[in-house]
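Novice: The chain contents come next:
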Amino acid sequence: MAGIFIDVEVSDDVRGDCELAKKLQEACPVDIYAAAQEGVEVVEQNLDECILCGLCVETAPPGGVRVLKLYDGGAALER
Amino acid sequence: MRFYEYESRRLVEAAGIPVTDYGFAQTAEEARKIAQEIGGPTVIKSQVLSGGRMKAGGVQFADTPDEAARHAEAILQLEIGGHMPRGVLVDPKAQVKQEYYASVVWDGTAKKPLLLFSDMGGVDIEEVAEHHPEHVGRGHFSNLLPFSDFQAKQVIAAAGVTGRELTRLTPILARLAGLFQDRDMTLAEINPLAQLEDGSFVALDAHMEMEDEARPRQKAVLAELGIADDDVREVHEPSPFETKVGAVDAADHRGVIQGKDTGFHGNLGLVIGAGGGSLTLTDAVRSHGGDPANYSEIGGNPSVAKACGLAKAVLEKDGVEKLAVMMSIVSNTRVDIVARGVIKACLELGKEPSETIAIFRIPGAWEEEGFKILERYGIDYCDRSISMHEAARRAVASFQEDPAEAEAEAARP
Ligand code: SF4
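Sequences listed follow chains A and B, in order.
Using my numbering, read the first sequence as starting at 1 and increasing by one per residue.
Using my numbering, read the second sequence as starting at 80 and increasing by one per residue.
Please keep in mind that the hints were generated in silico from the structure rather than gathered at the bench.
Bear in mind that the values here come from a model prediction, so they are computed numbers and not experimental data.
Hints should not be assumed to be uniformly reliable.
Said to hold, decoys possible - To be clear about the criterion: a stretch of chain B counts as covered by chain A if any three or more of its residues have a C-beta under 8 Å from a C-beta of chain A, and this derived list gives those stretches:
id, stretch
1, 379-392
2, 418-428
3, 451-464
No residue lacks a Cβ here, since even glycine has one placed at the ideal position from N, Cα and C.
Work the whole structure out from these sequences, hints included.
Specialist: Right, here's the structure in full:
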């Protein structure tokens, strides 16, 4: 189930990076990222739990991960 | 937390107050044995946490051990006030010359313990206070300064007791005050405190209640009484709503939610943040003519799922039409997370958030994000500049069809 309040966009480069997938999994306090065999998996049912801490945005290279506030016209969380 | 009578008696006994040679039994056979050891007429008393035992048939008199066993068997199967008994207390039938009443109760208004004493025991003290006020002595004492026996003596004397009785009763009431303080009680009551034919005094019944928060401090005493950590001693069986909220809370360690609805049957569901604010807001809703459906608390930064679970449980209660979400000024719980949770609950139940959420009073952390979410869904919200009382008034007014009329109605004194 997609989030009502939050969405996450992962660039193709990041999505296929297994090392980064592990780091994202570790960084996110509410388990929105999982390290799958093919790389980053977004756990949709946890999206609305996002606390906007920005750790994923910091962990990924610039533009690699975007956290979008759907209630705010899709504004992206600043790095 | 409430203690069973047999536990209360042990506490009283440990405090140096004389009790009868009672025994606690969980089977008819055990009751027979105790009655045999007592060797005379006995009283068999149901051990339940609810009141009204006598009326419900939970107290019976027996002349022989066989009769005691028969009564025990019947009482052990007798539900009283929704509770099955933990066991029965087998007590020798005392030869009573006079019954007295002694208690110490926490006076929340004075913020001090209050000593109460009457020479008319064995009945409701409220009744005695109403019809025979001259037979009730009372006096506060300090929880900080050492207790003096003289304070107990004054209270007993104020009930009209003099002479030898006054001298013998003074240490009993003083010990009860000591028990109240040492064991973090909110109520320590002996009723009746009986004077036997030989002039001695014994506690024939005792009722103790301890501050819930004191459980860790009183661990040793509770262990001695055989009370396990998970023995929560709810006075009422939890309602389906309370069970549901408890399960949502237990499923996720983040934040704390609490929900009670015993005695609440209204149409306005409450989701309230910050300790004392919950009681104040529930009262504020009532004072504006509103009818709360529940009492609840949310805090400690819960997850969205937890806030959603609480809001859903409230909205699913029979008769609930709207939800008021109100945070007190001391709340540091994230407003945006709570807002997401309650909106999600509405949407998942197929309800329109702007029509279902009567008011959202916002103090807390991350208010700006909270404002954005509430605006996006068209929910009526206010910030800390609007008092809790005014927020409650608006929530109640939202039930009126004509907003202007509603405003006028709610503004009437
Ligand atoms: S902002 Fe924080 S909580 Fe949200 S997805 Fe990124 S790491 Fe997870």
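Novice: Could you run down the list of hints and mark each one as holding or not?
Specialist: Consistency of the hints with the structure:
Residue count for the stretch 379-392 of chain B with a Cβ under 8 Å from a Cβ of chain A: 3. That meets the three needed, and the coverage hint holds. Remark: the stretch 418-428 of chain B is confirmed as covered by chain A, as 4 of its residues place a Cβ nearer than 8 Å to a Cβ of that chain, reaching the required three. A count of 4 residues in the stretch 451-464 of chain B with a Cβ less than 8 Å from any Cβ of chain A is obtained; the coverage claim is therefore met, three being the minimum.
Taken one by one, the earlier hints all hold for this structure without exception.
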